[in-house]
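Positions in the sequence shown are counted from 1; adding 12 to them yields our numbering.
Nothing false has been slipped in among the hints.
No more than 27 Å apart at the CA atoms, straight line, and that leaves these computed lysine-lysine pairs for DSS-like:
#1 K71 <-> K114
#2 K78 <-> K114
#3 K71 <-> K85
#4 K103 <-> K93
#5 K103 <-> K114
#6 K114 <-> K25
#7 K71 <-> K93
#8 K103 <-> K78
#9 K25 <-> K71
#10 K93 <-> K78
#11 K103 <-> K71
#12 K85 <-> K103
Simulated from the structure, these hints should not be mistaken for laboratory data.
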Amino acid sequence: MDNREEQIIQYAKEIRVLRNAADEYDDSSPGGLVFKIQLLTQAHVLMGRVSAFKDGEYKRIYSLRKRVYAETKRDAARGDKTNAAELAVLKHRDMEAEAYEKMHLWRNEFASLTEHLHELRLRLRVDLNTHIGGGQDGL
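Use the sequences and the hints to build the structure in full.
Structure, rendered in structure tokens:
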């Protein structure tokens, strides 16, 4: 495991801690919302990094599969070169499928948290507007 993978694992642990800490705050008060938004924003930044790493990981495995296929097809003896190349990349296809799954999981988590943060910020804006004197009746 290289340094980047260890860093991504650490990011995932930090994301879990930040999300659990954010869940401890009450959504019904502006102060609680502010702290929750701060914690989730920190988690969101880390999620973006993990998501980008997973995208790159998928692309690296895809590239490896394509290279192994081409090299095997080129170096195969006479006969069914395509079949030899397909057999050579079976393991790589499985790795690629797993990386693709993880890539989409992190993309979806990132997008979901983005939407959740938008909702929380809007609720905070409405709460502050209502509590500070911008209520409907103008009082």
